[in-house]
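Hey, can you work out the whole structure from these sequences and the hints?
Number of protein chains: 2
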Amino acid sequence: MRVAIVGATGAVGHELLQVLEKSSLRFDELLLYASPRSAGTALKFRGEDLTVQVTPEGAIDADLILASAGGSVSQALAPKWVEGGAVVIDNSSAFRYDPEVPLVVPEVNGPAALRHKGIIANPNCTTAIAVVAVAPLHREYGVRRMIVSTYQATSGAGQKGMDELLEETRTALGGGEAGAEVFAHPIPFNVIPHIDAFQANGYTKEEMKVVWETRKILEDESLQISCTAVRIPTLRTHSEAITLDLERPATPEAARELLAGAAGVEVRDDPAAKLYPMPLTASGKYDVEVGRIRPSLVFEGGLDLFVAGDQLLKGAALNAVQIAEYLQQQGALKEKQRA
Amino acid sequence: MRVAIVGATGAVGHELLQVLEKSSLRFDELLLYASPRSAGTALKFRGEDLTVQVTPEGAIDADLILASAGGSVSQALAPKWVEGGAVVIDNSSAFRYDPEVPLVVPEVNGPAALRHKGIIANPNCTTAIAVVAVAPLHREYGVRRMIVSTYQATSGAGQKGMDELLEETRTALGGGEAGAEVFAHPIPFNVIPHIDAFQANGYTKEEMKVVWETRKILEDESLQISCTAVRIPTLRTHSEAITLDLERPATPEAARELLAGAAGVEVRDDPAAKLYPMPLTASGKYDVEVGRIRPSLVFEGGLDLFVAGDQLLKGAALNAVQIAEYLQQQGALKEKQRA
Chain A
24 MRVAIVGATG
34 AVGHELLQVL
44 EKSSLRFDEL
54 LLYASPRSAG
64 TALKFRGEDL
74 TVQVTPEGAI
84 DADLILASAG
94 GSVSQALAPK
104 WVEGGAVVID
114 NSSAFRYDPE
124 VPLVVPEVNG
134 PAALRHKGII
144 ANPNCTTAIA
154 VVAVAPLHRE
164 YGVRRMIVST
174 YQATSGAGQK
184 GMDELLEETR
194 TALGGGEAGA
204 EVFAHPIPFN
214 VIPHIDAFQA
224 NGYTKEEMKV
234 VWETRKILED
244 ESLQISCTAV
254 RIPTLRTHSE
264 AITLDLERPA
274 TPEAARELLA
284 GAAGVEVRDD
294 PAAKLYPMPL
304 TASGKYDVEV
314 GRIRPSLVFE
324 GGLDLFVAGD
334 QLLKGAALNA
344 VQIAEYLQQQ
354 GALKEKQRA
Chain B
24 MRVAIVGATG
34 AVGHELLQVL
44 EKSSLRFDEL
54 LLYASPRSAG
64 TALKFRGEDL
74 TVQVTPEGAI
84 DADLILASAG
94 GSVSQALAPK
104 WVEGGAVVID
114 NSSAFRYDPE
124 VPLVVPEVNG
134 PAALRHKGII
144 ANPNCTTAIA
154 VVAVAPLHRE
164 YGVRRMIVST
174 YQATSGAGQK
184 GMDELLEETR
194 TALGGGEAGA
204 EVFAHPIPFN
214 VIPHIDAFQA
224 NGYTKEEMKV
234 VWETRKILED
244 ESLQISCTAV
254 RIPTLRTHSE
264 AITLDLERPA
274 TPEAARELLA
284 GAAGVEVRDD
294 PAAKLYPMPL
304 TASGKYDVEV
314 GRIRPSLVFE
324 GGLDLFVAGD
334 QLLKGAALNA
344 VQIAEYLQQQ
354 GALKEKQRA
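Those sequence lines, one after another, are chains A and B. If you want our numbering, it's the position in the first sequence, counting the first as 1, plus 23. If you want our numbering, it's the position in the second sequence, counting the first as 1, plus 23.
Take the hints with a grain of salt, since some may be wrong.
If chains are identical, the list can't say which one is meant, so a pair holds when it fits in one copy or spans any two.
[Claimed, not checked] Derived pair list, reagent style BS3-like, types lysine-lysine, alpha-carbon separation capped at 30 Å:
1) K228 to K357
2) K183 to K297
3) K45 to K357
4) K297 to K228
5) K140 to K297
6) K297 to K357
7) K297 to K103
8) K357 to K183
9) K183 to K359
10) K297 to K359
11) K140 to K183
12) K228 to K45
13) K67 to K297
14) K359 to K228
To be clear, the hints were calculated from the coordinates, so they are not data collected in a lab.
Below is the structure:
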């Protein structure tokens, strides 16, 4: 089987290579593609040097394409890749809201992936991280309302986001005035409640993605969800404060036990030992850390919790590879006939 | 009239001097006190050098004492200061929950200050900032539920908190491993959902302070409030994402107009122009920035908003001086008879 990564030199592409290296996915060949600016680079994979090629304008002769080169690239090329016989797992937002395209977090709605017509969408990072923790609670207690405030890392804007944080922090510490190119304002020692474009309803697209995508993944359009998405000066891992109004009352103890047995979750919830989710401990980790589980003070029988998940992994690269692994395990990922 | 500052060399003490310098409060003499470790320092005030003295164990011959030396100092000494005839405005949490002690944010419940029996408590910084924005909305629309997620600066832990952020960030940028003494974990490029001690209900004391103090200041014990208090790598100014369930429906437009006329508030809410509350713009400012005002997606007729307030100012020093100004304007702050 032949796998291709489109957008191999970006922050998510980098993680895709790392995750694939450790993955149980069986394949014979890996092709790497990027924009002309980055093509020619050699990237290591399982000890070999692979040369990054320019993403072609048409089909790619691969069985599986992991795309992470932005919405416009996917929008333009994914249909051609599908025509060429590949299954596409797309990390952009281009197809997430298409009713024909499954939006998948394998631990939550793996079987939805089997209904694909060529393209499977990978959710927004903030959604993927939240939903791993919330889905088991939704199944058991029925989430009615969900209020999310995010603490999002600069790597949500890719490698250039992290670079800007580091460079501008150095400038600020040196007594200079921090600038901003990637972000709307200087990010060092600042907080920016603005990620992606503002919508007519006053919410940003990032905030509405959490609403739209959580509903689609949990297959429940009645869910009431509100989000405030905030960029903070961290490098990787998004954290989220989540308040849940539940149909059936939950206790923190029962929720902790339920989540301890849930796939993709690490319960990290021992305040006396100073154990709770943090970017410092969640970065580089496959599981989403969940902690600070406590009874809601505004919804009777509801819960408050705090999660931290590496958004380059569970929020992007890892989830994409897990979708591929799931398809292969289900016998739904096959090598095409080649002449 | 003689004014004394106890805890003059701390982060809040520093701000108290600056705020007093610009204040309309009329007084003749300023006395500065601190612990033996900091005593002897000379601090500038209106062009003069004032020498910091060791805080005495008993009464201080002042008419007004602004205390910011921590809870144990206030607990032990404030009753003696009151016996000595001074009015005490206390920045610690020592007396905030005492039903005999008014807890005051002048814009919100100024008249409560007039009922003091010697001590007036200054609220927790997170509460002071939130309540300036929420009180006008509560008066007009009746807040039923309030959900707060905070983005708190290191200066909430005083000058040493800011120093630790700066030093450890330098270490991290230099390739070293950041350490932690002031905070429970390294703070550079990290997020710590742990401020003050954990309580039996799973909330931290910082989170419960927002619940207890908001109710006391708004004089409404029926208010349902939940808070997640999170330390982030910023220097000063706390930000807060606030979701409000209202008894009477509000529109963002009406709320914006109401808040534009509210004392202590600067409406900063023009997303198209990238204007919203941020530490970068709110730091050093007396008013609390309020923006991102939008209809709640989980409470019909409710609101979501984002606030940023300099917690060393409105959350501490400024509010204390404003209480003193209010008392003096009301003729309730008088020089005592001296031999």
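Do the hints match the structure? See the list:
Taking CA atoms no more than 30 Å apart as the test, K228 paired with K357 passes in neither setting, with 36 Å inside one copy and 56 Å between copies. For the identical chains of this complex, K183 and K297 are inter-copy neighbours only, at 21 Å across copies versus 33 Å inside a copy, given an alpha-carbon limit of 30 Å. Taking CA atoms no more than 30 Å apart as the test, K45 paired with K357 passes inside one copy only; the shortest distance there is 20 Å, against 75 Å between copies. Only between protomers do K297 and K228 lie at most 30 Å apart by alpha-carbon distance; the minimum there is 15 Å, versus 35 Å within a single protomer.
Taking the closest pair of Cα atoms, K140 and K297 never come within 30 Å of each other, the shortest separation being 47 Å inside a single copy and 40 Å across copies. For the identical chains of this complex, K297 and K357 are neighbours neither inside a copy (47 Å) nor across copies (48 Å), given an alpha-carbon limit of 30 Å. For a Cα distance limit of 30 Å, the shortest separation of K297 from K103 qualifies neither inside one copy, at 51 Å, nor across copies, at 38 Å. Proximity of K357 and K183 under a CA criterion of 30 Å is satisfied in neither setting, with 36 Å inside one chain copy and 60 Å between copies.
With identical chains, the CA atoms of K183 and K359 are never at most 30 Å apart, being 37 Å at best within one copy and 63 Å at best between copies. When the C-alpha separation of K297 and K359 is checked against a cutoff of 30 Å, the pair qualifies neither within a copy, at 52 Å, nor between copies, at 49 Å. Taking identical chains as interchangeable, the C-alpha atoms of K140 and K183 are never at most 30 Å apart, the minima being 34 Å within one chain and 58 Å between chains. Proximity of K228 and K45 under a CA criterion of 30 Å is satisfied in neither setting, with 33 Å inside one chain copy and 43 Å between copies.
Proximity of K67 and K297 under a CA criterion of 30 Å is satisfied in neither setting, with 38 Å inside one chain copy and 41 Å between copies. With identical chains, the CA atoms of K359 and K228 are never at most 30 Å apart, being 38 Å at best within one copy and 60 Å at best between copies.
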